[in-house]
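Residue numbers (this note's numbering), protein chains in the order written: chain A, 1 to 397; chain B, 398 to 736.
Worth double-checking, as some hints may not be accurate.
To be verified - Coverage of chain A stretches by chain B, computed from C-beta distances (three or more under 8 Å per stretch; other residues unrestricted): (1) 66-76; (2) 135-143; (3) 252-263; (4) 341-350; (5) 359-371.
What the hints assert, rightly or not - Using 30 Å as the maximum straight-line C-alpha spacing, the simulated BS3-like pairs for lysine-lysine come out as follows: (6) 636/B to 55/A; (7) 55/A to 430/B; (8) 430/B to 336/A.
Read the hints as simulated data drawn from the structure, not as lab findings.
All values reported here derive from a predicted model rather than from experimental measurement.
Here a beta-carbon is modelled for each residue, glycine too, at the ideal position from N, C-alpha and C.
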Amino acid sequence: MASIPRSRPAPPSIKLSLSDPVVRAIVFQVLVVGGVALLVWYLVSNTMANMEARKIASGFGFLNREAGFAISEHSIDYSPADSYFRALVVGVLNTLIVAILGIILATILGTIIGIGRLAKNWLISQICSVYIEVMRNLPLALQLVFWYYAVILENLPSAREAHNPLPGVFVSSRGIMVPVPANDPTYGWMLIACLIGIVGTVLLSRWAKARQAATGQQFPMLRAAAGLILGLPLLAWLAGGAPTVLDWPELRGFNFQGGGTLTPEFAALLIGLVTYTAAFVAEIVRSGILAVSHGQTEASSALGLKRGLTLRLVILPQALRVIIPPMISQYLNITKNSSLAVLIGYPDLVSIANTTLNQTGQAIEGIGIIMMVYLTVSLSIAAFGNWYNKRIALTER
Amino acid sequence: MKHLGKIAATAAIALGALAGTANAQQSTLDAVKAKGFVQCGVNTGLAGFSAPDSQGVWKGLDVDMCRGVAAAVFGDANKVRYTGLTAQQRFTALQSGEVDILARNTTWTLARDTSLGLDFVAVNFYDGQGFMVKRTLNVKSAKELNGATVCVQPGTTTELNLADYFRANRMQFRPVVIEKLEEVVAAYLAGRCDAYTTDASGLASTRSAQGANANQHIILPEIISKEPLGPAVRHGDNKWADIVRWTFNVMVEAEEMGLTSGNIDSKMNDPNPGVQRLVGKTGDMGKMLGLENNWSYNIIKQVGNYGESYDRNVKPIGLERGVNELWSKGGIMYAPPVR
Ligand SMILES: N[C@@H](CCC(=O)N[C@@H](CS)C(=O)NCC(=O)O)C(=O)O
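Chain A on its own, in the form it takes in the complex (with noise of 0.2 Å):
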């Protein structure tokens, strides 16, 4: 028979009590969960409840039905006798286009501030200083509504009196109008032809940083890029016959036809959004190269690096780090920024989802796809922004 058993250390009694840190996080945690999901599905069934009480439509129906109401600049094809659901996406697209641009704009124009603000030069750190504090100190809702009717509206003459500064090219209260190249085969394929010649840019700097990292020998990746990049459209725009017909604006009636257009609305609104935007991307970037100590500096000239590489190799890779999360979020700023579009005309998606839920009368669908839409581009553009902060991060080895 077995000896009695040795006494062990007693198991730790399972009591549960609210005085033990773990079982009162996990209880309160319940407890909030269950109380938002409890609040969620309250406000969702009275809403219903009401909304059916009051014979308020409800569902999705609507976005297959003729949206009736004309759009003023759409990227796809567009009329009033097409689906709500289009004029939905015309109203993404423009969303994008007017962010993406002012995204690019205010980085350089940022950047550019940023620099100056650091310049030994008094007058011209002075006036990037001032620019900056002005700038983020007025609302920008109030700087859309400046450009556009102060400056945009009030000071250009009508179509018939058009400022004529360049061949072709007319400045009026309608907008600038440009000639633009007319359509072509030429042009899809020119496009394609940039698109490999991205594409083999990127594989040959693979492959010259890896001879570089084997054999030390340097490969001139500049000229080379160009010559991909620019070359190839180059070579797709002969081997198309060269087109060279321009379409050419041209007043006709009670305005210009042919040629392309920049409205007065998207220009307010992007010059607002990049000059707004860019005082906060100049602190940004001021803030990053400041935190990379003068001492990298002076080290990598001690190496005997020039100072175009010493900025390229040394400064700027650090500085990098510092800047893009606080850059991420101004670029997130500036897509959620453009909604203020609804106030000087330009058709973002919100214009055009408050117009539909107004005539359709279904106002949770309607903010439900703002939201849906929003969440989707920033979502993307923080994940975009986490992956390359995580692949510019320090690696520690």
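Keeping the supplied structure of chain A fixed, place chain B with the ligand upon it in accordance with the hints.
Here is chain B with the ligand on its own, set in the frame of chain A:
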């Protein structure tokens, strides 16, 4: 953890508070009586229909609609508060209970009457959509507007009629869509658009607001739509709908019978049975609506009949009675009998 506890407590309290108002389809009349005033959704400022004057007092045909209801309910036409609403905001404001009446030159359409959860109760102005252009444009007819840029407010029937009209006539146009009235007008004045389109009444109002410059703008002869404008209430509260509807009918019938705010006191003993009912002496009309029997007297005394309201508000912006004249005088303004 303390933090989470607090959040949980807050959520519980919020839930409790919300549960209190659960599904309360409270009668609008009771709610209005309890708070002591009628909350009225109006224009942000359209002279003749609803606009604050230099003293900040709201005036206009739509304003009188609300004042009439306040007179009927409280015996005091001044017990009204106004909420200025853009075309985009107006329906949600009514649906959500932010306002009790929407009297904001809103066109009665099938879609609005059904799927928006509203009920239109009367037509207080028969209107139609028109175009305004600058005189210098040398345009005499809307049919000449092919290729024009047109300023318009979103969320309106205007926006839809505009697209319909150009489609029907196989013409092209470019819209410039701006929500706020003063801003869409500013864009038109600054030359962003060749034409501005809205209800003819709105055009007249905007044109007259230009003062000395009014004659630089012309309103084109074409009327491209029917715009029966009238007050709306939330769907499902028939008692409140009745009160608003019959407030309006009293104003029209008072005009038919020659009762005005000036002469009603001297007509109290008029032998005409119709007048007797309208001044609240016989018939118990007020009781049937759940109001005092002097409700109609108060409307006529304090707000006046429809014609008085029209002359006081709409005449000054340069609009003659036209179709809004009484049916007995060649117009189509007609009210079911108060009896
Ligand atoms: N009757 C049309 C249009 C009503 C409308 O919004 N009209 C404009 C122009 S007259 C207006 O009243 N705007 C005033 C404002 O936005 O406050 C409708 O019901 O959709």
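Outcome of the hint check:
1. Residues of the region 66-76 of chain A lying with their CB closer than 8 Å to a CB of chain B number 5, which satisfies the three-residue condition for coverage.
2. Residues of the region 135-143 of chain A lying with their CB closer than 8 Å to a CB of chain B number 0, which falls below the three-residue condition for coverage.
3. Under the rule that three or more residues need a Cβ within less than 8 Å of chain B, the assignment of the region 252-263 of chain A holds, with 5 such residues.
4. Only when three residues or more bring their CB closer than 8 Å to a CB of chain B does the claim for the region 341-350 of chain A stand; here the count is 5, and the claim holds.
5. Only when three residues or more bring their CB closer than 8 Å to a CB of chain B does the claim for the region 359-371 of chain A stand; here the count is 5, and the claim holds.
6. As the CA atoms of residue 636/B and residue 55/A are separated by approximately 17 Å, the hinted pair is consistent with the 30 Å bound.
7. Taken as a hint, the residue 55/A and residue 430/B pair is honoured in the structure, with Cα atoms around 25 Å apart against an allowance of 30 Å.
8. Proximity of residue 430/B to residue 336/A is assessed by CA-CA distance (about 42 Å); at most 30 Å being required, the pair is judged violated.
Checked against the numbered hints listed earlier, the structure breaks hints 2 and 8; every other hint is satisfied.
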